[in-house]
Amino acid sequence: CAAYLKSKTGDSSTPEGKKIAHVPVLAIPREDFNLVPQLTELVQMAGLSEVDSSMIYTDDMDLSACEVEVVGRNVDSSLYKSKVTPLVEAMLAEDESMVDAGVATLLGGCILIDTSNLKAGRVDEDGNALPDKATERDMAAFSALVPFLPMSGSEMYEALNDAKTNYDWWMSLSSLEMLRYDYQEDASNGRTFGISAVLLPFWDVMEKPMLYKASCEFMSEKKLDTLIVMAYSFEPRMSRQILFLSDNYEKLKELTQAFARVGGHAQMDLVYADMDVEECLGTKNCEAFQQFNVAFSRKQVLPLVVEAYREAGVSLVPERDADGFYSDPTGKLQVPV
Numbered sequence: 003c004a005a006y007l008k009s010k011t012g013d014s015s016t017p018e019g020k021k022i023a024h025v026p027v028l029a030i031p032r033e034d035f036n037l038v039p040q041l042t043e044l045v046q047m048a049g050l051s052e053v054d055s056s057m058i059y060t061d062d063m064d065l066s067a068c069e070v071e072v073v074g075r076n077v078d079s080s081l082y083k084s085k086v087t088p089l090v091e092a093m094l095a096e097d098e099s100m101v102d103a104g105v106a107t108l109l110g111g112c113i114l115i116d117t118s119n120l121k122a123g124r125v126d127e128d129g130n131a132l133p134d135k136a137t138e139r140d141m142a143a144f145s146a147l148v149p150f151l152p153m154s155g156s157e158m159y160e161a162l163n164d165a166k167t168n169y170d171w172w173m174s175l176s177s178l179e180m181l182r183y184d185y186q187e188d189a190s191n192g193r194t195f196g197i198s199a200v201l202l203p204f205w206d207v208m209e210k211p212m213l214y215k216a217s218c219e220f221m222s223e224k225k226l227d228t229l230i231v232m233a234y235s236f237e238p239r240m241s242r243q244i245l246f247l248s249d250n251y252e253k254l255k256e257l258t259q260a261f262a263r264v265g266g267h268a269q270m271d272l273v274y275a276d277m278d279v280e281e282c283l284g285t286k287n288c289e290a291f292q293q294f295n296v297a298f299s300r301k302q303v304l305p306l307v308v309e310a311y312r313e314a315g316v317s318l319v320p321e322r323d324a325d326g327f328y329s330d331p332t333g334k335l336q337v338p339v
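Heads up, the sequence shown is in this note's numbering, so the first residue is 3 and it goes up one at a time.
If you are wondering where the hints come from, they were derived from the structure by calculation, not from laboratory data. Take every hint as true, because none was put in to throw you off.
Here are the in silico distance ranges between beta carbons for each label pair:
| id | residue 1 | residue 2 | range |
| --- | --- | --- | --- |
| 1 | Glu223 | Thr42 | 17 to 27 Å |
| 2 | Tyr59 | Glu138 | 31 to 41 Å |
| 3 | Phe150 | Arg32 | 21 to 31 Å |
| 4 | Glu69 | Val296 | 37 to 47 Å |
| 5 | Ile30 | Glu281 | 31 to 41 Å |
| 6 | Asp206 | Leu65 | 28 to 38 Å |
| 7 | Asp61 | Glu18 | 24 to 34 Å |
Beta carbons: idealized from backbone N, C-alpha and C, even for Gly.
Produce the complete structure using the sequences and hints provided.
Structure (structure tokens):
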């Protein structure tokens with residue numbers, strides 16, 4: 003859609019008279035197309051066929067020879083929670099006729115995904131305001147697309163969310179595909195670590211064939227100091243599980259002990275996972291936590307891991323009680339009770 007807008011409003015030639023082509027490129031390798039179920043569902047909604055073969059992907063061309071513009075790179079997060087919203091505003095301001103059912107579906111679906119179905123103005127059970135996942139401009143942009151959509155926003159979001167959370171699809175992935183699906187990394191502390199988000203119960207993650215071997219291959223490929231897998235489950239009560247993996251036992255223990263201190267102070271409600279992860283994975287280079295405060299998503303956990311790296315090996319290491327909770331010998335930290 004951004005390339006379409008550029009082709010209509012941008013320069014058609016260089017000062018030297020050479021023609022300019024505005025070409026859309028999906029920001030994933032071609033082999034990863036089927037690893038993005040929401041994308042495949044969305045393009046089908048938009049009435050597009052054979053997108054996987056007709057689109058251009060990052061590994062199809064030498065991008066260093068092109069002028070590359072990443073859509074949404076410099077979006078002001080105080081004005082927009084969806085990086086697509088400014089594009090919607092620009093297209094509607096330029097020429098509303100550029101928006102049809104297909105374009106509206108692609109753009110509207112992205113806004114719904116980015117904002118978790120335009121969530122805003124929510125409060126928790128104690129009446130405290132929860133962070134908004136949509137701004138007024140996000141909601142206004144989506145509202146402007148509604149007349150063009152072939153279905154309601156709630157129907158669209160439900161279909162997209164079902165595609166993302168489909169249990170059978172997740173179970174069909176190999177261990178390596180699972181780690182690659184929703185991955186983010188950080189190197190701000192001088193050590194690179196990555197977090198893979200997985201929408202499977204922890205026990206299903208642990209039963210993935212050759213999980214530790216795939217994790218080691220993935221860490222080697224990405225040159226990671228540590229790989230973290232965040233799983234999400236709904237039974238017996240909604241919770242998240244966090245699995246730390248490394249090829250260095252001592253460093254891993256220092257990091258996870260520091261993470262326990264940082265997480266306890268942040269009220270993450272952490273306990274050790276009630277599963278022998280070392281036996282399941284066949285290695286001692288792992289540690290797992292049960293996280294009962296589900297408000298801490300990867301976005302909130304990532305900076306806590308950065309802080310844990312800073313603290314590793316410096317502060318007093320807390321001890322665990324019989325129930326797996328961390329005690330606080332210093333009396334200075336807030337820990338789960």
